[in-house]
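A.B. asks: Below are the chains, spelled out letter by letter.
Number of protein chains: 2
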Amino acid sequence: MASTTEILEKILTSPPSAPQGIAYNYLVPNIRGLETMVKTLQVKGAQASGYPTPAASPQSEQSPTSTSASNSSEISLFAAATETFSQKNTNCSIAESLERCKPIMELAKQNNIRVRGYVSVALGCPYEGPDVDPHKVAEITATLLEMGCDEVSVADTTGMGTAPRTQKLLQTLKEAGILEEDLALHFHDTYGMALVNTVVGLEHGVRIFDSSVGGLGGCPYSNVATEDLIHLLHSLGCETGVDMVKMAEIGDWITKELNRPDDSRAGKATLARIKG
Amino acid sequence: MASTTEILEKILTSPPSAPQGIAYNYLVPNIRGLETMVKTLQVKGAQASGYPTPAASPQSEQSPTSTSASNSSEISLFAAATETFSQKNTNCSIAESLERCKPIMELAKQNNIRVRGYVSVALGCPYEGPDVDPHKVAEITATLLEMGCDEVSVADTTGMGTAPRTQKLLQTLKEAGILEEDLALHFHDTYGMALVNTVVGLEHGVRIFDSSVGGLGGCPYSNVATEDLIHLLHSLGCETGVDMVKMAEIGDWITKELNRPDDSRAGKATLARIKG
Chain W
1 MASTTEILEK ILTSPPSAPQ GIAYNYLVPN IRGLETMVKT LQVKGAQASG
51 YPTPAASPQS EQSPTSTSAS NSSEISLFAA ATETFSQKNT NCSIAESLER
101 CKPIMELAKQ NNIRVRGYVS VALGCPYEGP DVDPHKVAEI TATLLEMGCD
151 EVSVADTTGM GTAPRTQKLL QTLKEAGILE EDLALHFHDT YGMALVNTVV
201 GLEHGVRIFD SSVGGLGGCP YSNVATEDLI HLLHSLGCET GVDMVKMAEI
251 GDWITKELNR PDDSRAGKAT LARIKG
Chain F
1 MASTTEILEK ILTSPPSAPQ GIAYNYLVPN IRGLETMVKT LQVKGAQASG
51 YPTPAASPQS EQSPTSTSAS NSSEISLFAA ATETFSQKNT NCSIAESLER
101 CKPIMELAKQ NNIRVRGYVS VALGCPYEGP DVDPHKVAEI TATLLEMGCD
151 EVSVADTTGM GTAPRTQKLL QTLKEAGILE EDLALHFHDT YGMALVNTVV
201 GLEHGVRIFD SSVGGLGGCP YSNVATEDLI HLLHSLGCET GVDMVKMAEI
251 GDWITKELNR PDDSRAGKAT LARIKG
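Chains W and F, in that order, are what the protein sequence lines are.
Take the first sequence: its letter number 6 is residue 6 in the UniProt record's numbering, and every next letter is one higher.
Take the second sequence: its letter number 261 is residue 261 in the UniProt record's numbering, and every next letter is one higher.
In case anyone wonders, no lab produced these hints; they're calculated from the structure.
Among the clues, some could well be false.
[Stated by the list, open to error] One side only, chain F facing chain W, incomplete, derived with CB under 7 Å:
(1) P19
(2) T40
(3) C92
(4) A95
(5) L195
(6) H231
(7) A269
Each residue gets a CB set at the ideal place from its N, CA and C atoms; glycine is no exception.
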């Protein structure tokens, strides 16, 4: 595996072809990470006119439209909702981790880089259990937004979240003056509750939900699969702009490439249906 | 695999030990199946005083309380919600399949055997697609109840069911005069929608939900796992009387015995948590 810097340079200088621009998000654990990223971005800025052309599609090999993809870069900052998780994961208190975010935020803003905040273990902590204080989550979320985050993703890192506690948390965030449009929700499907909790989020007006193709990733708790989330959203009449069949094919492909189980139900069922 | 008759005789004459009585449910495809069952039950009835004693627990080897388990037997009748599925699955029309149910029902009632009806493909048919007429489902459900079914399980056999269509179906059943307490819901998790649809069912007052340990079975569409259903119900504050850890252990054990994947998320996560 290449280092983060190598991956960043590769994406900035020769990104994979895509019909539309992609927002690449980088987790920035400290100011040095962002300094490296800014340097790489500046090199890229100097070469802006030489921004690599995505591979043209077969039928339009020299078409100028295929060069219009404009990627963007954004960063993510993390805070935890419990002191124990904060200490174990980042070796500092919640307050200290928020202090560390400040110079990163400033440097990002100076360079017009979009910043996404995360509040992890917001609905359950592996050390402190399921009953995480929703007021603490609201306080950290508000702090991250006031600091300048463009959006904060409230994360059920352990998958312990339930519908009643998700509801309570969203109600508490609302009462703390946090707007739905500044929020994202990040559910893990460890206990199979991700989609039920997503419905609660939708009912509260949240429209941004994190997921991963084939349920890949997780640390180590399984992410909700993009395919399952998309299927749910479409079933409720939401427009996502995502082609379910193509998403299912991508999930099938990448999980095989990585030799990992495909944790999506809707993806596998969709492929079985079109093959059947 | 032993024949149904052998399994039935085995369960009636030397059932596995259990702390509480178990209701064994047999799918009866035709009158001959029930005739065989009634004969076996009558033999058992003649030996009622000799009803086998469940294996005593180690600490109470001769305790009379361990002999109190009283099992019961019930049967299931099937009808399909679409003509194509009915023809392909049972080689007759829906009306014919309901006619065939009548003598089975009579014989069951004469012998005090509880009868459960099923309406399969109620939220999606592999031949006719997802838009199954909810009025047709209501008509079949009403017919089965009028015929004498003690309960009718409305089944999303293909897992195509969505929250809006589940809602529409339950509304239609209610408008047809069918009571929630006569209904059960049977969801498959093929597309990952089973728990979201279960919440819709709960909201409509249904309290009986089918599931299978580890998501085993299915034909071939995966059943919702009992462990996931139990976790959802407990998360919503419902009492089930089921011990989640023991259920997860059973799921782990039986899927290993059968060399099948454990399709339950909550079961695996529960075991990982207590081992962790």
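A.B. asks: Each of the hints needs a verdict: does it hold here or not?
C.D. replies: Now for the hints, and whether the structure bears them out:
1. At a threshold of 7 Å, the smallest CB-CB gap from P19/F to chain W is about 27 Å, leaving the interface hint violated.
2. Interface hint at T40/F: violated, since its Cβ lies 39 Å from the closest Cβ of chain W, which is beyond the 7 Å cut-off.
3. Because the beta carbon of C92/F sits about 24 Å from the nearest beta carbon in chain W, more than 7 Å, this interface hint is broken.
4. Restraint check, A95/F versus chain W: the minimum CB separation of about 28 Å is more than 7 Å; hint violated.
5. Proximity of L195/F to chain W holds as hinted, the smallest CB-CB distance being about 5 Å (cut-off 7 Å).
6. At its closest, the beta carbon of H231/F sits 5 Å from a beta carbon of chain W; the interface hint therefore holds under the 7 Å criterion.
7. Because the beta carbon of A269/F sits about 5 Å from the nearest beta carbon in chain W, less than 7 Å, this interface hint is met.
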